[in-house]
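J.: Single-letter residue listing:
Number of protein chains: 2
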Amino acid sequence: MISIGIDLGGTNIAVGVVEETGHIIGRAVRPTGAQRPCEQVIFDMAQTVRDAVENAGKDVRDIHSIGCGVPGIYDEESGMVLFCTNLGWRDVPLRSEMAKYFNASFYCDNDATVAALAEAKAGKSVNVRSSVLLTLGTGIGAGIVLDGKVFSGSHGVAGEFGHFMYCAGGELCTCGKRGCFERYASATALIRIGCEAALRHRESVLRDLTPNQMNARAVVDAARAGDAAGVEAFDEYTTHLSNGIVTVIDFLDPEMILLGGGVSAAGDFLLDPVRAKVERNKFYTSRPHAAIELAALGNDAGIIGAAMLGRQ
Amino acid sequence: MISIGIDLGGTNIAVGVVEETGHIIGRAVRPTGAQRPCEQVIFDMAQTVRDAVENAGKDVRDIHSIGCGVPGIYDEESGMVLFCTNLGWRDVPLRSEMAKYFNASFYCDNDATVAALAEAKAGKSVNVRSSVLLTLGTGIGAGIVLDGKVFSGSHGVAGEFGHFMYCAGGELCTCGKRGCFERYASATALIRIGCEAALRHRESVLRDLTPNQMNARAVVDAARAGDAAGVEAFDEYTTHLSNGIVTVIDFLDPEMILLGGGVSAAGDFLLDPVRAKVERNKFYTSRPHAAIELAALGNDAGIIGAAMLGRQ
Numbered sequence: 001m002i003s004i005g006i007d008l009g010g011t012n013i014a015v016g017v018v019e020e021t022g023h024i025i026g027r028a029v030r031p032t033g034a035q036r037p038c039e040q041v042i043f044d045m046a047q048t049v050r051d052a053v054e055n056a057g058k059d060v061r062d063i064h065s066i067g068c069g070v071p072g073i074y075d076e077e078s079g080m081v082l083f084c085t086n087l088g089w090r091d092v093p094l095r096s097e098m099a100k101y102f103n104a105s106f107y108c109d110n111d112a113t114v115a116a117l118a119e120a121k122a123g124k125s126v127n128v129r130s131s132v133l134l135t136l137g138t139g140i141g142a143g144i145v146l147d148g149k150v151f152s153g154s155h156g157v158a159g160e161f162g163h164f165m166y167c168a169g170g171e172l173c174t175c176g177k178r179g180c181f182e183r184y185a186s187a188t189a190l191i192r193i194g195c196e197a198a199l200r201h202r203e204s205v206l207r208d209l210t211p212n213q214m215n216a217r218a219v220v221d222a223a224r225a226g227d228a229a230g231v232e233a234f235d236e237y238t239t240h241l242s243n244g245i246v247t248v249i250d251f252l253d254p255e256m257i258l259l260g261g262g263v264s265a266a267g268d269f270l271l272d273p274v275r276a277k278v279e280r281n282k283f284y285t286s287r288p289h290a291a292i293e294l295a296a297l298g299n300d301a302g303i304i305g306a307a308m309l310g311r312q
Numbered sequence: 001m002i003s004i005g006i007d008l009g010g011t012n013i014a015v016g017v018v019e020e021t022g023h024i025i026g027r028a029v030r031p032t033g034a035q036r037p038c039e040q041v042i043f044d045m046a047q048t049v050r051d052a053v054e055n056a057g058k059d060v061r062d063i064h065s066i067g068c069g070v071p072g073i074y075d076e077e078s079g080m081v082l083f084c085t086n087l088g089w090r091d092v093p094l095r096s097e098m099a100k101y102f103n104a105s106f107y108c109d110n111d112a113t114v115a116a117l118a119e120a121k122a123g124k125s126v127n128v129r130s131s132v133l134l135t136l137g138t139g140i141g142a143g144i145v146l147d148g149k150v151f152s153g154s155h156g157v158a159g160e161f162g163h164f165m166y167c168a169g170g171e172l173c174t175c176g177k178r179g180c181f182e183r184y185a186s187a188t189a190l191i192r193i194g195c196e197a198a199l200r201h202r203e204s205v206l207r208d209l210t211p212n213q214m215n216a217r218a219v220v221d222a223a224r225a226g227d228a229a230g231v232e233a234f235d236e237y238t239t240h241l242s243n244g245i246v247t248v249i250d251f252l253d254p255e256m257i258l259l260g261g262g263v264s265a266a267g268d269f270l271l272d273p274v275r276a277k278v279e280r281n282k283f284y285t286s287r288p289h290a291a292i293e294l295a296a297l298g299n300d301a302g303i304i305g306a307a308m309l310g311r312q
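If you read the sequences in order, they're chains A and B.
So that you can map any letter, position 110 of the first sequence is 110 in my numbering, and since no number is skipped, the others follow by simple counting.
So that you can map any letter, position 114 of the second sequence is 114 in my numbering, and since no number is skipped, the others follow by simple counting.
Hint data in this document are derived by calculation from the structure and do not stem from the laboratory.
Don't take every hint at face value.
Identical copies carry no separate label here, and so any pair may be met within one copy or between two of them.
As the list claims (entries may be wrong) - Think about it this way: if two alpha-carbon atoms lie no more than 20 Å apart in a straight line, the pair counts; the simulated SDA-like pairs of lysine to any residue are: (1) K177 <-> K277; (2) K100 <-> G310; (3) K277 <-> H155; (4) K177 <-> N215; (5) K177 <-> P273; (6) K177 <-> D235; (7) K277 <-> M256; (8) K177 <-> P288; (9) K177 <-> Y284; (10) K177 <-> S286.
Note that the structure is a prediction, hence the values are computed from the model and not measured.
Bound conformation, chain A alone (with noise of 0.2 Å):
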């Protein structure tokens, strides 16, 4: 018997066949095409299912249970995704929709929670008790796994992190208020605060890009070759992910934080400077804390993760 993953994307339905050690036997992805009716969209996961799995070599009839992530809330009690704004989605029937194509147990989670799943399954915090994945992308996402199983809070919302208030009165987010944390530590906040930095800073390499050219990655290089605006900006942005990253020790003391998504890619270059300033920040100087570890599965983290929802 073998599980289906669906990372379900705003640009791509990639889909997995995995097995129970979280490998990978086969793939195939198609477009989203997320402007279409929810129906077409879903139609084409369930091709792009029948791809993968014939890609593994394997036979539909062996397939045990589908799981897929999606950028949004799923409601397990009704089987429906209730929001999911990249799609434009708002109470798609998921669940009954992909019963019409395949006679397997279906289920769905928030694609960051899945990921939080994968990883304490087949990644970095295997054998850890409780872990929090931080995804540093556009937005921050997050996902919380306690004792080997997703916590999803009691509405389904649980590991809203990117939203919490941060900086009363501060930034406006695009939720509408002011002071989310994931203006301050997501991609996007690096780049706004690179932006910042660049224009005191004359001299700064950052200040020969174009706004299409500026991205996280130009912040963490010209930080890396001591670009002075660099440098300046990427401490400034450690340091709200590090107090971000005390919150979530305040709140849940996991064993494990890990860090995903684009930001990440700097590897020890981020996690040198917010482990030093979570050490001298944190509440109970001399208590032990969370380590706080890069995530390990990359953008395979979805894919692995949806097909352990139904094995958890």
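Starting from the structure of chain A, add chain B where the hints point.
T.: Only chain B this time, still in chain A's reference frame:
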């Protein structure tokens, strides 16, 4: 068999003999005398337990378990109170010291955590799967109960909501950091906000109070009476508190959030605006969220919850 609950505070040692229902059938209290060596305080704790047992008409040989709530952190593995600021305790071997006096199993946890357990076992959150108690006093304490058990995290420090970064770079906190939540939503914060509002409103009744007379209740009473400074201060306070409650929902999405401590004495006058602001500011606007209620057990929560530690 009876359970003993000890509420060890900076001022008093309060002990109760507690039935399984949470009913207290005997009590005793003694001053803590926190400036003394910890062995003497623990000796008096044992005396107070004996008094309470006698007052309940029971025998010390009937004691099944002894639980203790401390304003600090206890390490289950070593049996030590690691920190307890009010008592000046650090690495105090409370379990082995208590074992000199009683042949009963001993449990201990943070006082706010213990109060949250009391509410879950015998108070407002009975039969609720997940709850968070916020105590709005000098600082902000918090306790998390998941599936009927206290959740203390991987290193015993979960639920330190008073110090989550709420306003980066903001008010200086007693912990040395800036912008901690309790600087904005504790009783102490309500007093500060009230004083600031009084300076802006020449006609305010709050201007007739000396610093010694100024307290959270005075600000609440002024707000109730329509005093402009009181109304403004209480509105600002409930905005901060509701923002923090939204953050609790963003992180943990519990089924119920309870408000206890001094400020909660304002009752519905506090609850009504807080509920309305949470409803307005929560991230998933159309999803249901935690019920927000007043804690029911008041000062007895510490004793009852401590006794319940042995019954989890």
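J.: Now tell me, hint by hint, if it's right for this structure.
T.: Going down the list of hints, with the structure as the test:
1. K177 <-> K277: between (27 Å within a copy, 12 Å between copies)
2. K100 <-> G310: within (19 Å within a copy, 51 Å between copies)
3. K277 <-> H155: between (33 Å within a copy, 19 Å between copies)
4. K177 <-> N215: neither (24 Å within a copy, 31 Å between copies)
5. K177 <-> P273: Between. Shortest inter-copy distance 18 Å satisfies the 20 Å Cα cut-off; intra-copy 29 Å does not.
6. K177 <-> D235: Between copies only: 18 Å across chains, 25 Å inside a chain, cut-off 20 Å.
7. K277 <-> M256: For K277 and M256, only the intra-copy Cα distance (16 Å) is at most 20 Å; the inter-copy one is 33 Å.
8. K177 <-> P288: between (34 Å within a copy, 19 Å between copies)
9. K177 <-> Y284: Classified as between; 12 Å across copies, 30 Å inside a copy.
10. K177 <-> S286: Between copies only: 16 Å across, 35 Å inside.
Of the hints listed earlier, the one the structure fails to meet is number 4.
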